[in-house]
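Visitor: In order, the protein sequence lines correspond to chains A and B.
Using my numbering, the first residue of the first sequence is number 6, and each one after it goes up by one.
Using my numbering, the first residue of the second sequence is number 6, and each one after it goes up by one.
If you are wondering where the hints come from, they were derived from the structure by calculation, not from laboratory data.
One thing to keep in mind: the hints can contain errors.
Because identical chains share one entry, a pair is satisfied inside a single copy or across any pair of copies.
To be verified - Lysine-lysine pairs mimicking DSSO-like chemistry, simulated, CA-CA at most 27 Å apart:
1) Lys266 <-> Lys146
2) Lys146 <-> Lys48
3) Lys317 <-> Lys146
4) Lys317 <-> Lys213
2 protein chains.
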Amino acid sequence: MPVGTAGTVKGVTPEEVLESGAQIILGNTFHLYLRPGTGVINKFGGLHNFIGWDGPILTDSGGYQVFSLAKLRKINSNGVIFQSPIDGSEHIFTPEGVIEIQEIIGSDIIVCLDECIPYPADYEYTKDSTDMTIQWAYRSKKVYSGTECGLFGVVQGGFYKELREYCAGELIKIGFDGYAIGGVSVGEPKEMMYTVVDQIAPVLPWDKPRYLMGVGHPDDIIEGVARGIDMFDCVVPTRHGRRGYLYTRHGHIIIKNACYKDDESPVEDGCTCYTCSKYSRAYLRHLFMSGEILGLRLNTIHNLHYFGRFMKDIRDAITDGKLSQLREEFYNIRKEGAQCL
Amino acid sequence: MPVGTAGTVKGVTPEEVLESGAQIILGNTFHLYLRPGTGVINKFGGLHNFIGWDGPILTDSGGYQVFSLAKLRKINSNGVIFQSPIDGSEHIFTPEGVIEIQEIIGSDIIVCLDECIPYPADYEYTKDSTDMTIQWAYRSKKVYSGTECGLFGVVQGGFYKELREYCAGELIKIGFDGYAIGGVSVGEPKEMMYTVVDQIAPVLPWDKPRYLMGVGHPDDIIEGVARGIDMFDCVVPTRHGRRGYLYTRHGHIIIKNACYKDDESPVEDGCTCYTCSKYSRAYLRHLFMSGEILGLRLNTIHNLHYFGRFMKDIRDAITDGKLSQLREEFYNIRKEGAQCL
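So that you can see chain A by itself, here it is in the shape it has in the complex (with noise of 0.2 Å):
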């Protein structure tokens, strides 16, 4: 799911979205409640009518961004109280509150508020702030009224195996559509997020998706996938477009090197983007050290467009029974390089 934080996949338009691949997005239920506001929202009956995007959207649950990106905060049992980083204004999320938020905004997968545990946390921080996510979910799941929407619970856990377990065996009783793995891409080992799926997605059943949240780049996607996740977020390929950082087969390239000033071949030969069918990397080289915001558009497109390829291949695979031939030849034709010396 590319990441639409505020309304929009940053720096395109939902057709281009579409054009990737891509079947989904998120929005992020935090920023899009302090702006544009569930007011404005509930006018124009929705986001998907407001931001004019007809496919599917996950919200979030707001949890992470209460936790990473607001000023103050008090958290007990019942919910949490934050400052807005925009004017600073106080509000309360609340497991109800937030479920009737996604209700406004029109979310078609609706996400249980839950504690995202930061790294590292203790056995005791992580047991309290696990039962209280449970706790969240109960009642998210008891408020929630959606009939055309699907409700998703988090795993959190931290990185302990039985409280991971033990959290995901109580959502499993409570009953979600789909399963969310939390607090992970936290700033732990990358090994120790592997171990936290591995450990955690054999408990899940497997009639049910789960979502890897805020993961990740493409080793991260193909081991995700072979450990048994669905679905991912992540803003790397919007926001590594923007800075100039685009995948390849080959690996990525840093559009901003010198090897590149007159280089006409397109960002990776054989893609079939908008940006790789008519502009050379020069191009986007110019764009980029001329700081040209065209720029920005063009590699987000062909980064999106690389993912949505990426998610396709694996699918396929999949379904031809051929995903550990596609994880090898992954890492092989990495093995190649793109980068110029």
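Based on the hints, put chain B in the right spot on chain A.
Guide: Below, chain B alone, put in the same frame as chain A:
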């Protein structure tokens, strides 16, 4: 002509420029010479190919930018020595050199080097400078080899009627494919610009295009056309778009204003641009307030479309012999106002 300073009309693709109704874009020789440089452009066989624009390109001579943007300079009858604002390196523009640069760029319309006289400037300075511009025009014509492109001279002469007429007369003797009027829009009162056009337009040959450089706002355009001007270039459609200043028949709107917070209407009723076809003022305001780059682009698309339609209306009115009527309607409709209270 939308302005594509550094090889891109800021924020939009060539396709979006075309859709706005624009038939030609302007590139800045000064910017393109410094970055990406003639070496890169030459390798691509010209700017059209480098930036993916198939339509005509006019490049200015770089003179205006040398005098307004470069850090240090010496000027004598041979040319101008200036320092790059990018890296401080020293460069020289001569009349012959800028013709060569524009030929490498592959411009369809090439403009002679001139000195853009600041406002105010005394008679002696203006006289000497005008003589130099005429000499430069002569040297430009001499080295110009183009058969596939056109060469425009630039009428200078400050705000002295006799110097303007003198300059125009000398340029006509040399003989150009079109005549630009430079040295306006340099800080003088608007009436003085109209006066210069009133003085010069009747002197210029009626069968050659006249181009009012760096102009302008919609009222400047209708007044310029009424006085016999055929071509304009200005950054206002793009720059004002990025600043949230949106043009409509009824005048401009400032999209950040609170009155648009939940306004479901498009920027302009009846406008057929992509932005107005799909998005509300409320969404554009939200993008602007959130600092989203998609907003810069959607605003730019609308403004380019406004100017493209305005020029088409003017051409149609001229064909139908109804320019005076269009001019009257233009002011009457604007009196109604577009801005919220």
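Visitor: Using 27 Å as the alpha-carbon threshold, which applies to Lys266 and Lys146: within, between, both, or neither?
Guide: neither (55 Å within a copy, 33 Å between copies)
Visitor: Could you figure out if Lys317 and Lys213 sit no more than 27 Å apart (CA to CA) within one copy, between two copies, both or neither?
Guide: Answer is within: at 20 Å inside a copy they meet the 27 Å cutoff, but 57 Å across does not.
Visitor: At most 27 Å between CA atoms: does that hold for Lys317 and Lys146 within a copy, between copies, both, or neither?
Guide: Neither: 32 Å inside a chain and 58 Å across chains, both beyond 27 Å.
Visitor: Pop the pair Lys146 and Lys48 into one bin, within, between, both or neither, using alpha-carbon distances up to 27 Å.
Guide: within (26 Å within a copy, 63 Å between copies)
In summary, the structure is inconsistent with hints 1 and 3 from the numbered list given earlier, while agreeing with the others.
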